[in-house]
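Participant: Counting from 1, position 52 in the sequence shown corresponds to residue 51 in this note's numbering; the numbering is continuous, with no gaps.
Only true hints are included.
In the SDA-like style, the derived pairs of lysine to any residue whose C-alpha atoms are separated by at most 25 Å in a straight line are:
#, residue 1, residue 2
1, 167, 142
2, 232, 247
3, 167, 177
4, 255, 268
5, 1, 194
6, 280, 290
Simulated from the structure, these hints should not be mistaken for laboratory data.
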Amino acid sequence: MKILSAEQIREIDAKTVTYEAVSSLELMKRAAKAFYYWFIEKYQDKQASILILSGTGNNGGDGIVVARLLSSSGYSVKVCNVEYSKERSEDCAHNIRRAKAENVPLLFVSKAEEIPDFSDYAILIDALFGTGLNRDVSGIAHDVILRMNESGKTIISIDVPSGLFMDKHTDFAVQAAHTVTFQIPKAALFLPDNAPFTGEVTLVDIGLSRKAICEAETNWFFQVKEDIAALLKPLSRFAHKGTQGHALIIGGSGGKTGSVCLAAKAALKTGCGLVTAYGPKGLSAVLGSWFPEAMVIEDADSDYLSDIAFD
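Input sequences plus hints: build the corresponding full structure.
Facilitator: This is the structure in C-alpha cells:
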C-alpha cells in the first residue's frame, strides 16, 4: 500500500472525480460514510452527546456530513462550525445548508468567548483541518484546539488530527485518541514525534480511483495483512515439509543465541518446510527447548562460529 504526499492525495481526489464521473460532493459523502460506519461500530451508545468541531474547508464538510448521518441514525450530535476563515469551500457550504434543512443542531463560532463548554459532551469529533494545512494554527482555531486538548474528552480526528503538518515537524495539533484516515496512509501518521497527536490510527476505504492510485509514484510503502496474504502460495493436496524448501539459518554467539532462534522460528512460521539452525555449541539445548521443529548443527566453539562445513 502506497504512502503518498498531501499533494498526491489531492491529485488522486481530482482524478477520481474525472475517471469515475463523480462529483466532489459525492466523494465527500463517501468519506463521511466510511467514517460513520467505523464510528457506529465502535460507539453504539446513542445517548452519549457528540460535538463535531468543523472548519470551513472540505475536512469541515466531511464533519458536517458525518453529523447529518449520525443525526439521522438517532445519535445526540451537534456541530460547532469554527469560522477561522471568511470563506467556505463550496462543498462545506452546501452541507451546512443541508444540515440546517435537516434540523441538525449548528453553532457558529468566531470568537473565543463563543466556544461551547466541552464538559457537556462525551465525544469530540475533530474536522477542523485536513491534509492541506500549510501554516501554523492561530486565532480562533488555535483556541478551540487548545481547549479540546485540555478537555479530557475522547477526541476522534477525521482523516488527520487538525494542525498536523504532512511534510514538516508539528509542535501543536489536536491530541486525538483515534484518527480515522481515508484510504491512503500518510507518512506523518507513522512518525514517533506525532504519536501524541494521532492516537490509534485506522485506515478506511472511501472508493478512490484504483487507477489514479496506481499512477502515483512513491518510494514509501505500508504493508497490511492483505499485502502479505497475496504473497502466500496455496499448498497442493500432497504438500509436506519435504516439498516446502529447506532454510539454513546461521548466527549467534556465546550468550547471544536469541537472534538465530527467532530467525529460525520466523522461517518456519512463514512456510519453510525444513529449517536448520547453525550456531555456537550449546544452541541445541536452547533452541530445542523453545521449539523442537527446527534442526540444529552446532559449531565446535561455544563463543563464536569457527568453521562451517557446507557439505
